[in-house]
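Asker: Spelled out from the first residue to the last, the chains are:
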Amino acid sequence: MFGLMASFAHKAEMRESKDEMLIGEIVRAMARQGFPSVAFRAHDDRQVVRFRTPGDPVLYGVFLVLDRKTGTGAISSAILGSKATLRVTAEVKNLLTDPDDLVKMYKTDLANMFKMPVLGGIKLNHELNSVFATKQTVIEIDHFVMKGEDGVKRLEGVLGGLIGELRDKLAPYKKA
Amino acid sequence: MSLDSLPAPDAPVVHVSTARGQVGPWSRIELSARLDGGEVQRDDHFWYDGLAGWLPLSAHPELLQDLAAEPPPSPADGRSQDDFLDDVFGELIHQSWAYHNAHTEAGHIDEVFLGALITATLDNGLALIDITSDGTHHYLRFEDFTDHSRVIYRMTHLTGTLISSKVLGHQARVVVGYGERVKNFGTVWKALKAEWKSGYLTSDEPGTISVDGDMNSSYIYVQVDMFWRLDDYIGERYATDYEKLRLHLDASVHALRKYLRGRFA
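Keeping their order, the protein sequence lines are chains A and B.
Counting from 0, one number per residue, gives the positions in the first sequence under numbering that gives the first Met the number 0.
Counting from 0, one number per residue, gives the positions in the second sequence under numbering that gives the first Met the number 0.
The reader is advised that the hints may include incorrect statements.
As the list claims (entries may be wrong) - Covered stretches of chain A (in silico footprint by chain B; criterion: 3 or more residues with CB under 8 Å from a CB of chain B, positions within the stretch not fixed):
{"id": "1", "segment": "15 to 21"}
{"id": "2", "segment": "34 to 42"}
Unchecked claim - Capping the alpha-carbon separation at 30 Å, the derived lysine-lysine pairs in BS3-like fashion look like this:
{"id": "3", "chain 1": "A", "residue 1": "Lys92", "chain 2": "A", "residue 2": "Lys122"}
{"id": "4", "chain 1": "A", "residue 1": "Lys122", "chain 2": "A", "residue 2": "Lys82"}
{"id": "5", "chain 1": "B", "residue 1": "Lys257", "chain 2": "B", "residue 2": "Lys243"}
{"id": "6", "chain 1": "B", "residue 1": "Lys182", "chain 2": "A", "residue 2": "Lys146"}
{"id": "7", "chain 1": "A", "residue 1": "Lys152", "chain 2": "B", "residue 2": "Lys257"}
{"id": "8", "chain 1": "A", "residue 1": "Lys82", "chain 2": "A", "residue 2": "Lys174"}
{"id": "9", "chain 1": "A", "residue 1": "Lys82", "chain 2": "A", "residue 2": "Lys152"}
{"id": "10", "chain 1": "A", "residue 1": "Lys146", "chain 2": "B", "residue 2": "Lys243"}
{"id": "11", "chain 1": "A", "residue 1": "Lys174", "chain 2": "A", "residue 2": "Lys92"}
{"id": "12", "chain 1": "A", "residue 1": "Lys168", "chain 2": "A", "residue 2": "Lys152"}
{"id": "13", "chain 1": "A", "residue 1": "Lys92", "chain 2": "B", "residue 2": "Lys165"}
{"id": "14", "chain 1": "A", "residue 1": "Lys122", "chain 2": "A", "residue 2": "Lys168"}
Unchecked claim - Incomplete in silico selection of chain A near chain B, CB under 7 Å:
{"id": "15", "residue": "Pro53"}
{"id": "16", "residue": "Val57"}
{"id": "17", "residue": "Leu94"}
Quick caveat, the hints were computed from the structure, so don't treat them as lab data.
In this text, all values refer to a predicted model and were calculated from it rather than measured experimentally.
Note that the Cβ used here is the ideal one computed from N, Cα and C, for glycine as well.
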């Protein structure tokens, strides 16, 4: 009886851990690109990881927010799968900002104020020396975890695509 | 007697013996400045790697002589004064960012190490199943789905400021744990009794093995406290020595696995 109960508890634990599994795979995929993690904030169903991008000609850093929406319970997992939103923000940092830049920032920031980074849109934001571009997408966690090397490659493709798109958007803001 | 080979002007390799004791290593440029400032006297002795012994500064003016001969940065190369001053200002900004980055990097090396820990453990075939972090205290739990064994790490960064890391190196308290699932209630009960005894262990000393039993998931864990130097694994520009990290993780898990199986067989 004890063994049977333990098996049930273990299955539930595994189902609840899928977003952590995905975060682990994301950290490894980014490390393979030469992008080390530099900050973690991880609690329950929301994980935030910040990466530095040494060697990237445009980007200073990337941060990812994984917010699990469904699939922690047995029923929602069976009906809806394990859906999560993945928000990717890329950052360009310039060494110097002057008042003219700040004026341009206000214009862009006003245009972006009510823009949500959903449905493929990219939102730009300025903060002093940094310009950020954000894109959010909904992913199915099961496509990437416990799928062996195929899942890892698929994840690398998704991350590479998102970061590439954000890099292109930010390139004009990178000063020499 | 002249010096056969002088170090590069900006190489910090020159040690100086003054009335206040030994100082340095300094670059020749820095030595020259300190001589001008009166901190070092011409009758003080100096040494750098390659010299047979300590020599008086006054006997070897060539150590400092060619520094004055080096042309200082100036607009004499055809650039305008405006460009020249822009470059000087640019250098000040770069130096400021170097200062800022040094402080920032000292604060987040533990999280670079955390990422390396995740990558190395995933490469060993385990999956991350739990992560909790408030930025200083980090907790990771992994599972090997082939045999359901688990590995846990708890890490606390002890030297999160630039000053403390420069003095002590990047130190972290690391707890490594190993767990196995048991289907026998008696074994879990035995682990819980051991855990109760572990509760009396309040020592900060490393090498203390404690036992933990989880009734919900029927896992028993053994764990050990250690102190690790993070800069043994993370180098310049985040270069990571994965080979050394994997070796240290493998050795720790191997020892704990042997202990757990011997203790609860």
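Asker: Evaluate each hint against the coordinates.
Answerer: To see whether the hints hold, each was checked on the structure:
1. With 3 residues having a Cβ less than 8 Å from any Cβ of chain B, the segment 15 to 21 of chain A passes the three-residue criterion, so the hint holds.
2. A count of 8 residues in the segment 34 to 42 of chain A with a Cβ less than 8 Å from any Cβ of chain B is obtained; the coverage claim is therefore met, three being the minimum.
3. Restraint check: the Cα-Cα separation between Lys92(A) and Lys122(A) comes to about 16 Å, which is no more than 30 Å; the hinted pair holds.
4. For the given pair, Lys122(A) sits about 22 Å from Lys82(A) by alpha-carbon distance, which is consistent with the 30 Å threshold.
5. In summary, the hint linking Lys257(B) to Lys243(B) is supported, as the alpha carbons are separated by about 21 Å, within the 30 Å threshold.
6. For the hint linking Lys182(B) to Lys146(A), the alpha-carbon distance of about 28 Å falls within 30 Å, and the restraint holds.
7. A threshold of 30 Å between alpha carbons decides the hint, and for Lys152(A) with Lys257(B) the separation of about 35 Å lies outside it, so the pair is violated.
8. Annotation: proposed proximity of Lys82(A) to Lys174(A) is violated, straight-line Cα distance about 38 Å (limit 30 Å).
9. Proposed proximity of Lys82(A) and Lys152(A) is supported: the alpha carbons are some 19 Å apart, at most 30 Å.
10. Note on Lys146(A) and Lys243(B): the hinted pairing holds, with a Cα-Cα distance of about 28 Å set against a maximum of 30 Å.
11. For the hint linking Lys174(A) to Lys92(A), the alpha-carbon distance of about 9 Å falls within 30 Å, and the restraint holds.
12. Proposed proximity of Lys168(A) and Lys152(A) is supported: the alpha carbons are some 24 Å apart, at most 30 Å.
13. For the hint pairing Lys92(A) with Lys165(B), the CA-to-CA distance comes to about 27 Å; that is within 30 Å, so the pair holds.
14. Using a Cα cut-off of 30 Å, the hinted pair Lys122(A) and Lys168(A) holds, with the two alpha carbons roughly 10 Å apart.
15. For the restraint placing Pro53(A) at the interface with chain B, the shortest Cβ-Cβ distance is roughly 5 Å, inside the 7 Å limit, so the hint holds.
16. With a least beta-carbon distance of about 17 Å to chain B, the hint placing Val57(A) at the interface is violated under the 7 Å criterion.
17. This hint holds: Leu94(A) has a C-beta 5 Å from the nearest C-beta of chain B, less than the 7 Å allowed.
Hint compliance for this structure: hints 7, 8 and 16 are not met, and every other hint is.
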